[in-house]
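Novice: Next come the chains, spelled out residue by residue.
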Amino acid sequence: MNARTSRVLQCSAGLVAAGLVLTACGSSDDSSSSGASKSPSFSGRGPITFAAAKDSSGVVQKVIDGWNKQHPKEKVTFVQLPSDVNQQRQQMIQNAETKSDAYTVLSLDAVWTSEFAAHQWIDQLPAAQFPLDKMLKPVVETTKYRDNLYAVPQSSDGGMLYYRSDLLKKAGVSAAPTTWAEMRAACAKVEKLPEAKGMSCYAGQFQKYEGLTVNFSEAVNSAGGVVTDAGGKPDVDTPAAKKGLDFLVDSFKDGTIPKEAITYQEEEGRQAFQSGKLIFLRNWPYVYSLAEKSEVAGKFAVAPLPGLTGAGSSTLGGHNVALSSFAKNKATALDFIKYFTNHDSATTFLKEGSAAPPYADLYDDQTLAKQYPYLPVLKKSILNAVPRPRVVQYGDVSSAIQQEAYAALNGDKSSTQALKDLQDALQKLSAQ
Amino acid sequence: MATRTPPETAADRPPGPASGRAGRPPAPEKARRGRKSATAGTGRMAALLVSPTLLVLTVVVLYPTIMALRESLYGTKGLDPKTGFISDTEPFVGLQNYTDIFGEAGERFWNAFWNTTFFTVVTVGLETVIGVAMALIMHKAFSGRALIRASILIPWAVPTAISGLLWRWIFNSDGIANALIGHQVLWTTEGFHAKVAVIIAEVWKTAPFIGLLVLAGLQVIPKEVYEAARMDGASPPRQFWHITLPLVKPALLVAVLFRCLDALRMFDLPYLLVGAQKSSVETLSMLAQNEASNVRFGPAAAYAVVLFVYVLLIALGFVRLLGADVVGDAGGPGRKKRRWASKRNRVEVSA
Amino acid sequence: MTATVKWRTWLLYLGVAAVVAYCLAPFYWMLVSSLRRTSDIFDTSLLPAPVSFENYRAVFSPSQGFGRALLNSLIVAGTTTVLALLLATFTAYAMARLEFRFKRLILTLIIATSMFPVVSILVPLLKLFTDIGWINTYQAMIVPSMSFVLPLAVWNLTTFFRQMPDELEQAAMIDGCTRGQAFRKIIIPLAAPGIFTTAIIIFIAAWNEFLIALSMTNRPSIQTAPVAISKFAGASQFDTPFGSQMAAGVLVTIPLVIMVLLFQRGIVAGLTAGAAK
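Chains A, B and C supply the protein sequences, listed in that same order. According to the working numbering, the first sequence is numbered sequentially starting from 1. According to the working numbering, the second sequence is numbered sequentially starting from 433. According to the working numbering, the third sequence is numbered sequentially starting from 784.
Bound-form chain A, shown alone (with noise of 0.2 Å):
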């Protein structure tokens, strides 16, 4: 019973071998015949779309109707997809498995470019023909694949540290935190204040989602350690790594990080902060309007995030544009994504739907900084922003530090044991 077990396990272990062979040639003929390494021609003219989440503020469609009234022969129509970030992602993956051309020009969350790309779903875009030099830089990384460009940024995100200057002020702290000490010593000090009773010092997002790669990310890089390097290898087991991850363990332990924080994703902090729960928050720029509209409007400023010995370092969000390879009418599709991600588009996509825009000088517009009072912040954040790690596999790499830093969090595992984990599953992943 074990032999014939064993056999046939042999057997298919040698299956897969041979599996493996034919692929290295069958996929070497492909990329010869489809010349995707080299620049694909772009032809053919006519109505394409655009597959993107929708967005409230209707800036999309505005700014798409502008491109529809000068070329009334090449409408785009809006493929409005599900507000999940997932469920979009699903729905892009159906349509490239079933090759259909239903989706031309396709707006991908800035890590998904490598998986996208890899699989020849999307196009390689021609440099050139984009003003990339007048974005910020960790913007641009965001959207090549082996140094090929497979996507333009439309909006940039980068995480911010949101704060009650009211009770920071009333505490006699003058400034902002720069350092994880610094923040906590400033908490001591506001905790003493009768208003600041029950409060909590500092949430982010720690619920086991995306939301967690990215905090984990940030906590890592913002004490001098790295996921990956900057060859795309994983090395997290370092010291340095495990004092970004103990900053957030022991913040737990020790309820500088309310316990409630372990289910908050982006909502649920934002909440905690309207209601005046939390004296520091880890949040992306679409907290500020809103909370200006709460209890705790005007009582509150923005920060760069706070590291271990300076200032630390955000994680990249965003969103790219990028071409269906199983369009119609690509011509016009690329005209569509000039149009769409130049300077005009970016400034009416930030005054009109506040998205960080990728174009540096935006940052710098003294009219917008008065409507946007965050943006020289983001600006810093973004500059110093670290991309996640761009993989093929970006599903599987988020998992695994998803599993390992919830771990940690809930003091499952020890931080260095956490790590040490992660590094061997990075490692599995990265030799697939």
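Rather than coming from a laboratory, the hints here were simulated on the basis of the structure. Careful: at least some of the hints might be erroneous.
For lysine-lysine, the following DSSO-like pairs were computed, each having C-alpha atoms within a straight-line distance of at most 27 Å [said to hold, decoys possible]:
1) K351(A) to K910(C)
2) K170(A) to K277(A)
3) K144(A) to K189(A)
4) K910(C) to K99(A)
5) K627(B) to K413(A)
6) K627(B) to K259(A)
7) K655(B) to K789(C)
8) K1014(C) to K62(A)
9) K514(B) to K144(A)
10) K968(C) to K655(B)
11) K243(A) to K189(A)
Ranges of calculated distance between the beta carbons of each label pair, as one might list FRET restraints [as the list claims (entries may be wrong)]:
12) K170(A) to M1042(C): 56 to 62 Å
13) K338(A) to R840(C): 33 to 39 Å
14) Q922(C) to K338(A): 34 to 40 Å
We put the CB at the ideal spot given by N, CA and C, even for glycine.
Dock chains B and C against the given chain A, drawing on the hints supplied.
Specialist: Positioned in the frame of chain A, the structure of chains B and C alone reads:
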């Protein structure tokens, strides 16, 4: 209330104008003669009647299922380190996706397997009890029937996606559930409480399903059966146990069977309520979805096939254990037996 | 004697109250949440204060296309219910009344089709429907929905039909009715509660179907209500519009329940009237 007026219950209200009791059977006692013999004519007619259903099922379910079976024999597309592209073709790996379940990838699979089984047993058990209770109360209650029926429909009618969000809200760390119990439980973290949250939400949503089907079953029980039992002086619990239960058994079994099939494929609720990749609540469907979303269609299909086989075995076992006569029993004696159950029970009761 | 009767009545009322409370309490929370302002959506007070219809206005803002989506849902769920009920009645009749070979096998096959996880048949189905040009059509939602409900409908109706005495039918046939007429005039009215309950369950299942409806459509003009709700957007990708989702949940549930109650009156009356002839 008057909205739902099946012939039987019409009997216990003041005689209405539209009462259709003309066709009521005098009693199912007599006339067991004349079973139609299986002729070529009935065979053709049966084929005619059955084929549209089979056609729809073949197109939508059977074809994709076979595709998935095929898919489960293929591995994940490989990455060519030179070009950086994923290959176009999937390697044929034979049964490796299945054997992996017993190897390295197995831990997660078996965890999901036990979660699925646990959820099914507990939720379907609770639903059956609550559902039958609901049906009995609805059947007995004469005033306010419309209200009960409307309210019982609501949990079932709320779209699963919305009810997942609603329950996540209720089980939020600052949500109403914690406010009510006056103690902060972090429901959406790993642990047994996460299972409890899923079970509460699932039972709330689907107990009405059983309730509705059992109520329908109660409504087709001839009133005479009860009257006879009452004359025989049977106590209400005995009436329930010896008359009601055997007579609603077919409807109840079908309801429970289909609840089992759904519960074994449970996906949305734990996914929305607690979240993906939480080992406390991960079910087999979630695992298959997770693999597919990471573009590993082969293993995803293999998990789906294993789940299919598991469900099939449970369904067959269920039918075997709890009464084969739900399965059409090839027309034979089972059916007669059941229809005679009322008579037999009456004898038992009076005895 | 009368005391126990009274006591029993009270117990029954208590039971009714318990059932209603059990079913409605979470729904009440949904209703309350939908009536809060976005800014105090996290409240846990039992009454919304102040009551705000902001979320309902958001649901019906023209950009959401929610009215159209409700109509589409009605078309899809209505057609599915009628067709599936028709096919299931035919099949169930054959299963309950006719003698033929492979009956058990066919019943097993039918139920086996509801054993495969829906997430796993999605991609092959999408491929198929893309090939035959069914994307953005009603049938791309109706046919899968039918196939999801048919197993339950067939099994359920079979048990109900088999509970009906066939001597009545035979008597009618002796009186000169055809087999079809006998079935329609005798069995269907008697099995009305079962048929009606099956119809409710089919309708609700089709009304709430999401995954297929999402994958097979990409135009707002054809999307169903659950798909429209999934596209509700907040101020950013992180901002979940919980209030309007709850409002939409109330809006898709209440009409459904009212409609079922209304139809029930009509259908049951019609069926029993038919039987009286």
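Novice: Within 56 to 62 Å or not, the Cβ separation of K170(A) and M1042(C)?
Specialist: With Cβ atoms ~58 Å apart, the hint holds.
Novice: Holds or violated: K968(C) with K655(B), Cα cutoff 27 Å?
Specialist: Cα-Cα ~21 Å, so holds.
Novice: Holds or violated: are the alpha carbons of K910(C) and K99(A) at most 27 Å from each other?
Specialist: OK: K910(C) and K99(A) at ~9 Å, within 27 Å.
Novice: Would you mind confirming whether the straight-line C-alpha gap from K627(B) to K259(A) stays at or under 27 Å?
Specialist: Given that 27 Å is the threshold and the Cα spacing comes to 20 Å, the pair holds.
Novice: Using the Cβ atoms, figure out if Q922(C) sits within 34 to 40 Å of K338(A).
Specialist: Cβ of Q922(C) to Cβ of K338(A): about 39 Å, so the range 34 to 40 Å holds.
Novice: Are K655(B) and K789(C) close enough, with their CA atoms no more than 27 Å apart?
Specialist: The given pair, whose Cα atoms are some 23 Å apart, holds under the 27 Å limit.
Novice: Are K351(A) and K910(C) close enough, with their CA atoms no more than 27 Å apart?
Specialist: Not OK: K351(A) and K910(C) at ~41 Å, beyond 27 Å, violated.
Novice: Is the Cα-Cα distance between K243(A) and K189(A) 27 Å or less?
Specialist: holds, 24 Å
Novice: Does the alpha-carbon distance linking K144(A) and K189(A) stay inside the 27 Å limit?
Specialist: With a Cα-Cα distance of about 46 Å, the restraint between K144(A) and K189(A) is violated, given a limit of 27 Å.
Novice: Just to be careful, I want the Cα atoms of K1014(C) and K62(A) compared with a cutoff of 27 Å; is the pair within it?
Specialist: holds, 18 Å
Novice: Would the hint linking K627(B) and K413(A) be met if the CA-CA limit is 27 Å?
Specialist: holds, 22 Å
Novice: Quickly compare the C-alpha distance for K170(A) and K277(A) to 27 Å and report which way the hint goes.
Specialist: The hint holds at about 17 Å.
Going down the numbered hints, you'll see the structure goes against 1, 3, while the others check out.
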